[in-house]
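Q: Sequences listed follow chains A and B, in order.
For the first sequence, this note's numbering gives the first residue as 1, with consecutive numbering after it.
For the second sequence, this note's numbering gives the first residue as 1, with consecutive numbering after it.
Calculated directly from the structure, the hints in this document are not laboratory data.
Please note: incorrect hints may appear among the correct ones.
[Said to hold, decoys possible] Dumping the calculated DSBU-like pairs for lysine-lysine here, alpha-carbon to alpha-carbon at most 30 angstroms:
1. Lys108(A) x Lys68(A)
2. Lys87(B) x Lys68(A)
3. Lys65(B) x Lys87(B)
4. Lys47(A) x Lys43(B)
5. Lys68(A) x Lys58(B)
6. Lys87(B) x Lys108(A)
7. Lys68(A) x Lys43(B)
8. Lys58(B) x Lys87(B)
9. Lys43(B) x Lys65(B)
10. Lys68(A) x Lys47(A)
11. Lys47(A) x Lys87(B)
12. Lys65(B) x Lys47(A)
13. Lys47(A) x Lys108(A)
14. Lys43(B) x Lys87(B)
15. Lys58(B) x Lys47(A)
16. Lys43(B) x Lys58(B)
Model, not experiment: these values are computed from the prediction.
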Amino acid sequence: QSVLTQPPSVSGAPGQRVTISCTGGNSNFGEGYDVHWYQQVPGTPPKLLIYGTNNRPSGVPARFSGSKSGTSASLAITGLQAEDEADYYCQSFDISTGGGVVFGGGTKLTVL
Amino acid sequence: QVQLVESGGAVVQTGMSLRLSCAASGFTFSTYGVHWVRQAPGKGLEWVSFISYDGSNKHYVDSVKGRFTISRDNSEDTLYLLMDSLKPDDTALYYCVRDYVEFGDYGISVFDLWGRGTMVIVSS
Numbered sequence: 001q002s003v004l005t006q007p008p009s010v011s012g013a014p015g016q017r018v019t020i021s022c023t024g025g026n027s028n029f030g031e032g033y034d035v036h037w038y039q040q041v042p043g044t045p046p047k048l049l050i051y052g053t054n055n056r057p058s059g060v061p062a063r064f065s066g067s068k069s070g071t072s073a074s075l076a077i078t079g080l081q082a083e084d085e086a087d088y089y090c091q092s093f094d095i096s097t098g099g100g101v102v103f104g105g106g107t108k109l110t111v112l
Numbered sequence: 001q002v003q004l005v006e007s008g009g010a011v012v013q014t015g016m017s018l019r020l021s022c023a024a025s026g027f028t029f030s031t032y033g034v035h036w037v038r039q040a041p042g043k044g045l046e047w048v049s050f051i052s053y054d055g056s057n058k059h060y061v062d063s064v065k066g067r068f069t070i071s072r073d074n075s076e077d078t079l080y081l082l083m084d085s086l087k088p089d090d091t092a093l094y095y096c097v098r099d100y101v102e103f104g105d106y107g108i109s110v111f112d113l114w115g116r117g118t119m120v121i122v123s124s
């Protein structure tokens, strides 16, 4: 059971907008810790997509954006493309049970 | 070329030990905190351990505390993970991962550089 909760799957047609939620709690987002997002294409290592809620590393398209409010965060992808089909993970820091880095369970994005 | 290359993965029996290594190149290894993150077959990501840039600060996920030991050799640009008393639940692909910022604090860990991983299989 992950401390950060993500939907197992989402889907959308090419060109559409999709969002992936990441629900935390008082011991992570509620404590002010940031959310970061990773994209993992099967068979490859994860890639940093968004850091510090809504900052994109160099090379990440502006179609990807993030937000956070209270104890929830979300990743939005606009102008969906076939190459966006992948697993997406949110990540933060949690101070409960000794504290540590935590990941969401992951969301499989299918481009229809 | 900026990269991390893991090695040392193997098939072992329950209760045995294994040491993973991660060779860094293309950047100043001694100024970055580094982590081990694992992924069981078909499962999600799980953070395992962190060591600060100078080795003075170490953290572990509860499930490996007392069994795994993280260390680093900045003169050799290498990260290690000594895994004792291995269990079938430790079966996973183990990634070596670098923090996004130099001299970063553990609480703001962001993973910007990942190796390709090394596979550990623990048989019962």
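Q: Hint by hint, note whether the structure agrees.
A: Do the hints match the structure? See the list:
no., hint, verdict
1, Lys108(A) x Lys68(A), "holds (20 angstroms)"
2, Lys87(B) x Lys68(A), "violated (37 angstroms)"
3, Lys65(B) x Lys87(B), "holds (13 angstroms)"
4, Lys47(A) x Lys43(B), "holds (17 angstroms)"
5, Lys68(A) x Lys58(B), "holds (29 angstroms)"
6, Lys87(B) x Lys108(A), "holds (28 angstroms)"
7, Lys68(A) x Lys43(B), "holds (25 angstroms)"
8, Lys58(B) x Lys87(B), "holds (22 angstroms)"
9, Lys43(B) x Lys65(B), "holds (21 angstroms)"
10, Lys68(A) x Lys47(A), "holds (20 angstroms)"
11, Lys47(A) x Lys87(B), "holds (28 angstroms)"
12, Lys65(B) x Lys47(A), "holds (27 angstroms)"
13, Lys47(A) x Lys108(A), "holds (15 angstroms)"
14, Lys43(B) x Lys87(B), "holds (17 angstroms)"
15, Lys58(B) x Lys47(A), "holds (24 angstroms)"
16, Lys43(B) x Lys58(B), "holds (25 angstroms)"
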